[in-house]
Amino acid sequence: AQSVTQPDIHITVSEGASLELRCNYSYGATPYLFWYVQSPGQGLQLLLKYFSGDTLVQGIKGFEAEFKRSQSSFNLRKPSVHWSDAAEYFCAVGPINTGTASKLTFGTGTRLQVTL
Amino acid sequence: DAGVIQSPRHEVTEMGQEVTLRCKPISGHDYLFWYRQTMMRGLELLIYFNNNVPIDDSGMPEDRFSAKMPNASFSTLKIQPSEPRDSAVYFCASRGDNQETQYFGPGTRLLVL
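Protein sequence lines, in the order shown, are assigned to chains A and B.
Residue 84 is where the first sequence starts when you use the numbering used here, and the numbers rise one by one after that.
Residue 37 is where the second sequence starts when you use the numbering used here, and the numbers rise one by one after that.
Same shape as in the complex, but just chain A:
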């Protein structure tokens, strides 16, 4: 069964500092990997995704993530955090199945707090 682990429940960083949110997955084959962000009272917004190819993917809002197969990780990074990045971040994994729906499995989320 597929699973996602986000080991950090809560992270606080200063505005302007760099950020790395960790995500480890368990899956029997190459998965689809996603990072979503949820602002308070809002739905989930897709930040970026990885299907294949270049293991460093760029997303919106200056975020990037790197897929490391050997470590079963898909960590999210941002070189300089802005106060507006304060939100909850979810990593998700889904199977590569053409023509069928992929059931995404979500991690428990990491809440990011940004101090000024």
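Because the hints were derived from the structure by calculation, they are not lab data.
We put the CB at the ideal spot given by N, CA and C, even for glycine.
Check each hint, because a few of them may be wrong.
[Claimed, not checked] Pairs of lysine-lysine, DSS-like flavour, derived with a Cα cap of 27 Å:
1) B:60 x A:186
2) B:114 x B:60
3) A:132 x B:60
4) B:60 x B:104
[Stated by the list, open to error] The following label-pair restraints were derived from C-beta to C-beta distances:
5) B:43 x A:194: 19 to 29 Å
6) B:54 x A:138: 24 to 34 Å
7) B:91 x A:86: 14 to 24 Å
8) A:154 x B:116: 44 to 54 Å
9) A:154 x B:54: 39 to 49 Å
[Said to hold, decoys possible] Only some residues are given here: those of chain B computed to face chain A with a beta carbon under 10 Å:
10) 38
11) 39
12) 71
13) 73
14) 80
15) 84
16) 92
17) 96
18) 121
19) 129
20) 138
21) 139
22) 140
23) 142
24) 149
Place chain B on chain A using the hints.
Frame of chain A, contents of chain B only:
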């Protein structure tokens, strides 16, 4: 594109009452998903549809929960009777065929007293 639309955004009801949550997926999307988010259990998939047909309802907690999709542009999630432990945020998401990205609605925050 208006995105996934959910209504109501907030619902407060008393235990035992029927609750109906509504979702309009993105036009042209063939798949629709219902999720529940709680502090204790995180984000859980309840059920999903493909071309209006329920494909997997293994996440539906119990018989008090039911979901329908009478047409491509509308789905409901019904709880009858509701219980306090059903209090959560319920999200609807949709995606297109042969695509893997799910697009989420803003959610319905349900409080059962």
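These are the hints, each one checked on the structure:
1. The suggested pairing of residue 60 of chain B with residue 186 of chain A holds, with an alpha-carbon distance near 20 Å, which does not exceed 27 Å.
2. A hinted pair counts as satisfied when its Cα atoms are at most 27 Å apart, and residue 114 of chain B with residue 60 of chain B qualifies at roughly 15 Å.
3. Taken as a hint, the residue 132 of chain A and residue 60 of chain B pair is honoured in the structure, with Cα atoms around 24 Å apart against an allowance of 27 Å.
4. Taken as a hint, the residue 60 of chain B and residue 104 of chain B pair is honoured in the structure, with Cα atoms around 12 Å apart against an allowance of 27 Å.
5. Between residue 43 of chain B and residue 194 of chain A, the C-beta spacing of about 27 Å keeps the proposed range 19 to 29 Å intact.
6. Taking the beta carbon of each, residue 54 of chain B and residue 138 of chain A are about 49 Å apart, not inside 24 to 34 Å as hinted.
7. For the pair residue 91 of chain B and residue 86 of chain A, the supplied restraint of 14 to 24 Å holds, since their beta-carbon distance comes to about 21 Å.
8. The hinted window of 44 to 54 Å between residue 154 of chain A and residue 116 of chain B holds, with their beta carbons roughly 46 Å apart.
9. Roughly 48 Å separates the CB atoms of residue 154 of chain A and residue 54 of chain B, a value that falls within the hinted 39 to 49 Å.
10. The restraint placing residue 38 of chain B at the interface with chain A is violated, with a minimum CB-CB distance near 13 Å, outside the 10 Å limit.
11. Because the beta carbon of residue 39 of chain B sits about 9 Å from the nearest beta carbon in chain A, less than 10 Å, this interface hint is met.
12. Taking 10 Å as the C-beta contact cut-off toward chain A, the hint placing residue 71 of chain B at the interface holds, the least distance being around 8 Å.
13. Restraint check, residue 73 of chain B versus chain A: the minimum CB separation of about 9 Å is within 10 Å; hint holds.
14. The interface hint given for residue 80 of chain B is met, as the beta carbon of that residue sits about 8 Å from the closest beta carbon of chain A, less than 10 Å.
15. With its C-beta approaching chain A no nearer than about 6 Å, residue 84 of chain B sits inside the 10 Å limit, and its interface hint holds.
16. A least Cβ separation of about 7 Å between residue 92 of chain B and chain A falls short of the 10 Å threshold, and the interface hint therefore holds.
17. The interface hint given for residue 96 of chain B is violated, since its Cβ lies 14 Å from the closest Cβ of chain A, which is over the 10 Å cut-off.
18. For residue 121 of chain B, the interface hint is violated, since its Cβ never comes within 10 Å of a Cβ in chain A; the closest pair sits about 19 Å apart.
19. The criterion of a C-beta within 10 Å of any C-beta in chain A is met by residue 129 of chain B, whose closest approach is roughly 8 Å, and the hint holds.
20. Restraint check, residue 138 of chain B versus chain A: the minimum CB separation of about 6 Å is within 10 Å; hint holds.
21. For the restraint placing residue 139 of chain B at the interface with chain A, the shortest Cβ-Cβ distance is roughly 7 Å, inside the 10 Å limit, so the hint holds.
22. Interface restraint check for residue 140 of chain B: the shortest CB-CB distance to chain A comes to about 4 Å, inside 10 Å, so the restraint holds.
23. A hinted interface residue such as residue 142 of chain B counts as satisfied when its beta carbon comes closer than 10 Å to some beta carbon of chain A; here the least separation is about 4 Å, so the hint holds.
24. With a least beta-carbon distance of about 20 Å to chain A, the hint placing residue 149 of chain B at the interface is violated under the 10 Å criterion.
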